[in-house]
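The hints should help you fit chain B with the ligand onto chain A, whose structure is shown.
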Amino acid sequence: MSEVHPYIVVGSGCTGAMAAQTLVEAGVNVLMLDAGNTDDTYEKLIPEKDFTSIRQTEEAQSDYLLGKKFESISWANIGSGSQLTPPRKYMVKEVEKFLEIASQTFFPVESLAYGGLGNGWGLGSCVFTDKELEAAGLDASKMKAAYQTVANRIGISGAQDDITAYTTAHLSNIMPPAPVDSNQEQLRTNYNRKKQWFAQNNFFLGRTALALITKDKDHRKAYQPKDLDFYSDKDQSAYRPWITVNELKKKSNFSYKGGIIVKQFKQLENGDVEIITWNKAKNEEEIFRTQKLVLAPGVLGTARIVLRSFPEENQTLPLLCNPYAYFPCINVSQLGKTFERNTSGFAQLSLFHDNNMQGDDIAMASLYSYKSLMLFRIIKEAPVNFRDGISLMNFLMPAFVIMGLFHPEKSGGRKSLSLRKDTTKISGDSLQAEYLLSGLEKQKITDRNSLFKKAMSKLGAYPVKMIDPGMGSSIHYSGVLPFEKQEKPFSLSPDGKLHGTKNIFVADGSGFRFLPAKGLTLSLMANAHNVAQNALKQN
Amino acid sequence: MQPEIYFRYLSRKNPDARSLELYSAAIAHHQLEFSKKENRLHKLSQRFPFLIPFIDAGLALTQPLSPYRKNIYIILCILETQPQYFPLLSSSMNEKSKQTFLSFFFHGIRAAFTGVFGVILVKLA
Ligand SMILES: Cc1cc2nc3c(=O)[nH]c(=O)nc-3n(C[C@H](O)[C@H](O)[C@H](O)COP(=O)(O)OP(=O)(O)OC[C@H]3O[C@@H](n4cnc5c(N)ncnc54)[C@H](O)[C@@H]3O)c2cc1C
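Protein chains in written order, with numbering that gives the first Met the number 0: chain A, 0 to 538; chain B, 0 to 124.
Simulated from the structure, these hints should not be mistaken for lab results.
Keep in mind that a hint or two might mislead.
[Claimed, not checked] Not close to chain A: a few residues of chain B, all C-beta gaps over 10 Å, as computed:
| no. | residue |
| --- | --- |
| 1 | Leu19 |
| 2 | Glu32 |
| 3 | Tyr72 |
| 4 | Ser89 |
| 5 | Ser91 |
| 6 | Leu123 |
| 7 | Ala124 |
[Unchecked claim] Covered by chain A, according to a simulated footprint, are these stretches of chain B (three or more residues, beta-carbon under 8 Å):
| no. | region |
| --- | --- |
| 8 | 5-17 |
| 9 | 20-31 |
| 10 | 49-62 |
| 11 | 74-87 |
| 12 | 98-107 |
Treat the numbers as computed from the prediction; the structure is a model and nothing was measured.
Even for Gly, the Cβ is constructed at its ideal location relative to N, Cα and C.
If we strip away everything but chain A, and leave its shape as in the complex, we get (with noise of 0.2 Å):
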């Protein structure tokens, strides 16, 4: 029989990563499996210029910006899927293959890489308020002192302004944010003028706060904007989980396995835990045995491995996902400029709407703008021809804002997965997700994109239209394994453990019963190390 590892933790995404430094800083031996898929093609091929000279000198830039085998040209419309360029492609690599899904109503985003999804998320960094915290099942006193934690490990930039209360709050150690280019300092001075409407209709703007260092840290870079967030992790200034796993693999305690497709697991009558898994170079079954099973292969990923464990219960999971759509803006005071050179594709605004000040109903935009995800992404949008379409958009992209609002979600209307049978798929099986919001909650939404749409004109950028993504596209899940403080089947306790098992913890966000509309990935982190020290702790 295999060893027995004291603490195997499932994935090396944003979760995966904090429970596992948090382990390992306690001493204890942790191995982790992983896919791990990396990319082996395109970051070494990407040169050390900013954006604007690589477009205006290198010969070889068709390679990364359009891809080897041209992956970037879609026809598809501009949807949640368009910022992974050819160098952030690898994160949804062998997903169709390992990580089947069935659904005609939702279409989310997963990711089998070493990092995860954190390999492209977009740095967002949020605390939930007290209440959201509340409704979500999660401690606030907790949650509190974790959030410090993870944002020590990760360094967070941000500014004190309008937005802090739903931002950064009460984090210290906040770096200075990335400077702000001048569409959007544009919007800004409309804010500060226009202050008393969106007072008066509780809607704040400031700074995005985002998991980007903009002073040197340890081995990592501050920022530098090159316009290259899209294609390019060179400096580590932005955070991804790999940095910290990386640095994990330094320390003898800690040890690494990718290739491994986990697949269920077995509790085994001494409160050990034996995780079934696929070996992809071997191309066979591989089983590893732990004392303690922290899973954090994301949200939907925990609800395979734990229906496939459980299967006599033939049970169907609830499911929560925030909705989302795209809103393009013009800015009309930048209509006609050319681009400043060196400027940042990350969020450098958020938008907040806190519908009643009660801090339990925000809902929440990001506000970009939009340069280096090139002119060939948008141009296939305008019913013109492609030659005056070229003139057209190089007039309005400086002006450009695109605006991407996430709504609150609660448990409703018709949102659930099971595990269907399925032979013909390697796992054995496929995810069926049905996503259905009932009318109250289409009507919510509406409601409140056409307050954001007037919000927005009075920040002088004009919403030309919106573009629904689809069901799945916020890529923020949850709720498939609820907390719950009473020993229930398929929920989680408060404290992160799966009832009715002793040695098996979920450290990514399957307990929170409820999404606030924002970047959910520093709450993730922070419950991700309660967890783990959790699992410390009941030995």
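Coordinates of chain B with the ligand only, in the frame set by chain A:
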């Protein structure tokens, strides 16, 4: 497929060897099946290249995902990632270029007219 006319349509220049090489490689990955009608439109474009903007515009309004347009789109992607076409395709990133409202309105109005005639042309072809 002889793509040169479409390169000239977008860039007003004959394509260089590298762009043509990239085009062949891209087409190998994104195979395009022209329908009978699109073949007719392609032949028409070869004989009368000045009709390309009309056909392109007509299809943009009636069948934006037509392989005829996809073909031009592939060429546009290639041109945008070639440094010699940077001034033409990325004037918004070129600090020296001046983009005027006048030229915007000119192109807007021209695009609208081209669209109207294009729809008729595509219907008739
Ligand atoms: C383009 C984009 C932009 C985003 N922007 C933001 C943002 O601005 N703010 C924000 O808060 N969030 C954002 N997100 C969401 C954020 O990325 C996720 O919330 C977060 O990364 C989830 O982390 P995770 O660890 O729970 O899961 P994942 O990142 O999915 O990690 C799962 C890990 O488990 C591994 N794995 C999965 N299944 C198995 C298996 N069966 N066996 C073995 N290993 C497995 C994977 O390889 C991976 O390492 C964005 C996401 C994307 C894609």
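For each hint, the structure was consulted:
1. Look at leucine 19 of chain B: its CB is around 13 Å from the nearest CB on chain A, clear of 10 Å, so calling it non-interface holds up.
2. The beta carbon of glutamate 32 of chain B is kept farther than 10 Å from every beta carbon of chain A, the shortest such distance being approximately 13 Å.
3. Tyrosine 72 of chain B, annotated as away from the interface, has a beta carbon of chain A within 10 Å; the closest lies near 6 Å.
4. Here serine 89 of chain B does not stay apart from chain A, with its beta-carbon only about 6 Å from theirs, under the 10 Å limit.
5. Residue-level check failed: serine 91 of chain B sits 4 Å from the nearest beta carbon of chain A, not beyond 10 Å.
6. Even its closest Cβ contact with chain A, about 17 Å, leaves leucine 123 of chain B beyond 10 Å, as expected for a residue assigned away from the interface.
7. The beta carbon of alanine 124 of chain B is kept farther than 10 Å from every beta carbon of chain A, the shortest such distance being approximately 16 Å.
8. Counting residues of the region 5-17 of chain B whose CB lies closer than 8 Å to any CB of chain A gives 3, which reaches the minimum of 3, so the coverage claim holds.
9. Note: the region 20-31 of chain B has 5 residues with beta-carbon separation from chain A under 8 Å; the three-residue rule is met and the coverage holds.
10. Look at the region 49-62 of chain B against chain A: 6 of its residues bring a Cβ nearer than 8 Å to a Cβ of that chain, three or more, so the hint holds.
11. Residues of the region 74-87 of chain B lying with their CB closer than 8 Å to a CB of chain A number 9, which satisfies the three-residue condition for coverage.
12. Counting residues of the region 98-107 of chain B whose beta-carbon sits less than 8 Å from any beta-carbon of chain A gives 7, enough to reach three: the coverage restraint holds.
Comparing the model with each numbered hint stated earlier shows that hints 3, 4 and 5 do not hold.
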